[in-house]
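Start from the sequences, fold in the hints, and give me the full structure.
Protein chains: 2
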Amino acid sequence: MRTVEEAERIILENKADLGNEIVLFTEATGRVLAENIKADRDMPPFNRVAMDGIAVKYEAIEKGNTVFRKIAVQAAGDAPAEIKALDECIEIMTGAMLPESVDTVIPYEQIDLNEEGAVVLSSIVAKGQNIHTQGRDRKQGDILAVPGQVITPAVLSLITSVGEEEIRVKKLPRVVVVSTGDEVIDVRETPKPHQIRRSNNYTVQSILKDNGIHADILHLPDEADIMERQLAHCLQYYDAIILTGGVSAGKFDLLPEVLERLFVKQIFHKVAQRPGKPFWFGKHENGVLVFAFPGNPVAAFMCTHRYFLPWLRATLGMIEKPAMYAVLDNDVTFKPELVYFMQVKLLMNNKAQLIAEPVTGNGSGDFANLADADAFMELPADKSEFKKGEVYRIIMIHRFRFHR
Amino acid sequence: MRTVEEAERIILENKADLGNEIVLFTEATGRVLAENIKADRDMPPFNRVAMDGIAVKYEAIEKGNTVFRKIAVQAAGDAPAEIKALDECIEIMTGAMLPESVDTVIPYEQIDLNEEGAVVLSSIVAKGQNIHTQGRDRKQGDILAVPGQVITPAVLSLITSVGEEEIRVKKLPRVVVVSTGDEVIDVRETPKPHQIRRSNNYTVQSILKDNGIHADILHLPDEADIMERQLAHCLQYYDAIILTGGVSAGKFDLLPEVLERLFVKQIFHKVAQRPGKPFWFGKHENGVLVFAFPGNPVAAFMCTHRYFLPWLRATLGMIEKPAMYAVLDNDVTFKPELVYFMQVKLLMNNKAQLIAEPVTGNGSGDFANLADADAFMELPADKSEFKKGEVYRIIMIHRFRFHR
Numbered sequence: 001m002r003t004v005e006e007a008e009r010i011i012l013e014n015k016a017d018l019g020n021e022i023v024l025f026t027e028a029t030g031r032v033l034a035e036n037i038k039a040d041r042d043m044p045p046f047n048r049v050a051m052d053g054i055a056v057k058y059e060a061i062e063k064g065n066t067v068f069r070k071i072a073v074q075a076a077g078d079a080p081a082e083i084k085a086l087d088e089c090i091e092i093m094t095g096a097m098l099p100e101s102v103d104t105v106i107p108y109e110q111i112d113l114n115e116e117g118a119v120v121l122s123s124i125v126a127k128g129q130n131i132h133t134q135g136r137d138r139k140q141g142d143i144l145a146v147p148g149q150v151i152t153p154a155v156l157s158l159i160t161s162v163g164e165e166e167i168r169v170k171k172l173p174r175v176v177v178v179s180t181g182d183e184v185i186d187v188r189e190t191p192k193p194h195q196i197r198r199s200n201n202y203t204v205q206s207i208l209k210d211n212g213i214h215a216d217i218l219h220l221p222d223e224a225d226i227m228e229r230q231l232a233h234c235l236q237y238y239d240a241i242i243l244t245g246g247v248s249a250g251k252f253d254l255l256p257e258v259l260e261r262l263f264v265k266q267i268f269h270k271v272a273q274r275p276g277k278p279f280w281f282g283k284h285e286n287g288v289l290v291f292a293f294p295g296n297p298v299a300a301f302m303c304t305h306r307y308f309l310p311w312l313r314a315t316l317g318m319i320e321k322p323a324m325y326a327v328l329d330n331d332v333t334f335k336p337e338l339v340y341f342m343q344v345k346l347l348m349n350n351k352a353q354l355i356a357e358p359v360t361g362n363g364s365g366d367f368a369n370l371a372d373a374d375a376f377m378e379l380p381a382d383k384s385e386f387k388k389g390e391v392y393r394i395i396m397i398h399r400f401r402f403h404r
Numbered sequence: 405m406r407t408v409e410e411a412e413r414i415i416l417e418n419k420a421d422l423g424n425e426i427v428l429f430t431e432a433t434g435r436v437l438a439e440n441i442k443a444d445r446d447m448p449p450f451n452r453v454a455m456d457g458i459a460v461k462y463e464a465i466e467k468g469n470t471v472f473r474k475i476a477v478q479a480a481g482d483a484p485a486e487i488k489a490l491d492e493c494i495e496i497m498t499g500a501m502l503p504e505s506v507d508t509v510i511p512y513e514q515i516d517l518n519e520e521g522a523v524v525l526s527s528i529v530a531k532g533q534n535i536h537t538q539g540r541d542r543k544q545g546d547i548l549a550v551p552g553q554v555i556t557p558a559v560l561s562l563i564t565s566v567g568e569e570e571i572r573v574k575k576l577p578r579v580v581v582v583s584t585g586d587e588v589i590d591v592r593e594t595p596k597p598h599q600i601r602r603s604n605n606y607t608v609q610s611i612l613k614d615n616g617i618h619a620d621i622l623h624l625p626d627e628a629d630i631m632e633r634q635l636a637h638c639l640q641y642y643d644a645i646i647l648t649g650g651v652s653a654g655k656f657d658l659l660p661e662v663l664e665r666l667f668v669k670q671i672f673h674k675v676a677q678r679p680g681k682p683f684w685f686g687k688h689e690n691g692v693l694v695f696a697f698p699g700n701p702v703a704a705f706m707c708t709h710r711y712f713l714p715w716l717r718a719t720l721g722m723i724e725k726p727a728m729y730a731v732l733d734n735d736v737t738f739k740p741e742l743v744y745f746m747q748v749k750l751l752m753n754n755k756a757q758l759i760a761e762p763v764t765g766n767g768s769g770d771f772a773n774l775a776d777a778d779a780f781m782e783l784p785a786d787k788s789e790f791k792k793g794e795v796y797r798i799i800m801i802h803r804f805r806f807h808r
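Residue numbers (this note's numbering), protein chains in the order written: chain A, 1 to 404; chain B, 405 to 808.
Note that these hints are calculated values from the structure, not bench results.
One thing to keep in mind: the hints can contain errors.
[Said to hold, decoys possible] Taking lysine-lysine and the DSS-like style, the derived pairs with C-alpha atoms no more than 27 Å apart in a straight line are:
#1 Lys270/A with Lys383/A
#2 Lys171/A with Lys265/A
#3 Lys335/A with Lys687/B
#4 Lys351/A with Lys739/B
#5 Lys388/A with Lys725/B
#6 Lys474/B with Lys192/A
Here is the structure:
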């Protein structure tokens, strides 16, 4: 039996490198960059007017001039106008390129403007005011975003600003989610009293969708021959296979045997955790990974978040981000020498602390509470008493909790 | 000029009700529920075996019996087998329906099992052990999820378990993002020295995509006639129009005038905030809303998060969630009597507190830092000195910061 940390380390050691591909910038949101994005020009690319008003040469102000003749109006996007004398000004708009002959912008609020010219009302005019100078934010050639960064809307904003139409991103793994077990029937069928509907495959598919990955789904009956034939196909077509069910010690848990016959080598079986103890992890000789999670819905859900998503991020070369923690809000007792992944709801107190309230459940099979939970709190195996006020790591299970 | 709170309140008062539609469960992730999801059966639907082992009647144990004849093997999904005598047992698997004739499950670890029968090794056997009793989690008819809940993977898990194929969800608004301004050229073009590429429309589109909304995009030149014609079309086809640029006091900021001619009534113009002061908000007589954000990329970015997304959530009837806060990590001075939306990076300390580090920027036009920021911190207008250690509200701008 492996510890949670060993299991995680082994899984991350088995990260894949699936190479890169080119996508159009319009399809790039959520993908992981595989190239540097560089500034093609200074940012801003010119001395950029930051207020609507008039542009003058400061020398005139210094000499006490307060009356200016307007010789042009220059909007953002216009080629710059130029003054020829110190008593001339240009009416100029935010975003315009500052003409070379002027160096100071006096906003509408500080002038009296008519068709012919302007009178400066304010006595406080500073040389160079209201100008966002060329290259102040970034210089041409500066690196704006690096490989491993997720293309968030803000990164996309940089990509479009520098005119990158085609972006090199990491290839996404091809994933199939395979449910097993004769006890689970299709969503569309009516279950007999001893049957239940299968939801694990759709749920895991939904988690992956929420993380930017399309996964196919497949269901296998508890028959070794059919399992072997179908999984043989999967091993040819996918980079990773997520199985749910069929890996505990039960008589009909055929998967480990079938996988062995298909040359999928077991890397570990069982992890010291609840739920999810029977988690089986293996690798085919061609490199395809098999994550075989227990069929219990909470276990499959937790294992997808705690093991598959970190593998996915490592495989995509995503820059490592810090873990999250929360303050436990109740005393909790958990005796077994296992890491306990406890469902919690998150709140934030007035000190900006995350507070975790346990969601009362009835053991590992209870997935009805999952919809009310925000995270799993990871309670270590070497303790059995967990006190209100102690801080433990959490694993977020969705993105919708805080949003205002 | 409106305060941020007034602007928000007015926008939320103008939430739309776009009605409901039916989607297949396979397309439902991320949508907002418009109906109750009820348990069609008890959860679990039967007394569910929770460990692999043998099922016996506790009466036999009570009488001191430790040797049992195996009369059947019952896997999960099998119709239940029944014993006829107290010295009989059923080898039984996790997930199976507990037969009526037995009431206790003794796991493999506590027995010595062969083809004919089993010897119980443990002296500690409790009546009813290792059984997840029928209806313990939820009763038939219980409400599992309610209108306004986002269909997270966990909610989808419930939906599929109860066999709901078609789900009633809130209709999504049809949105168009319209950039304006002659100074901005297409991403694919090479800018002249005084031009820049437009990124606002793609960036706002990307934010909406990240929030589950497809938006069309459109660019308008600074020509009143073209603007009027194109916007007249938009007012027929969309529920909301997001405009970027063209609403400050500049001579070529034609939009408010054009919108008035199209019977879009101004609800407010200008909000006491930086960036984003020239924000214009209006409503057409047919109910279409116009969010006209300033063209400055950081302002358009911030306004989309602070104003459009709350409108979207209200329009979708999403259950209100708490705001987020963080501890300011530096002293900050901001003199103007405006709310200052400061770009911050978030960290978490060992007390599970969110800590906000200002991302050094060069004023409102600097969007190069946005890619490094995690949130805007909302610093109130009635103060100008903000001290390290004080707690202020934050508006998250992407979902990728914490993920392990």
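Each hint tested on the structure:
About 20 Å separates the Cα atoms of Lys270/A and Lys383/A, which keeps this hinted pair within 27 Å; it holds. This hinted pair checks out: Lys171/A and Lys265/A have alpha carbons roughly 25 Å apart, not beyond 27 Å. A C-alpha spacing of about 61 Å is found between Lys335/A and Lys687/B, which places the hinted pair above 27 Å, so the restraint is violated. Proximity of Lys351/A to Lys739/B is assessed by CA-CA distance (about 25 Å); at most 27 Å being required, the pair is judged to hold.
At roughly 24 Å between alpha-carbon atoms, Lys388/A and Lys725/B fall within 27 Å of each other, so this suggested pair holds. Distance restraint check for Lys474/B and Lys192/A: the Cα-Cα separation of roughly 25 Å lies within the 27 Å cut-off, and the hinted pair is therefore satisfied.
The structure fails to meet hint 3 from the earlier list, while all remaining hints are met.
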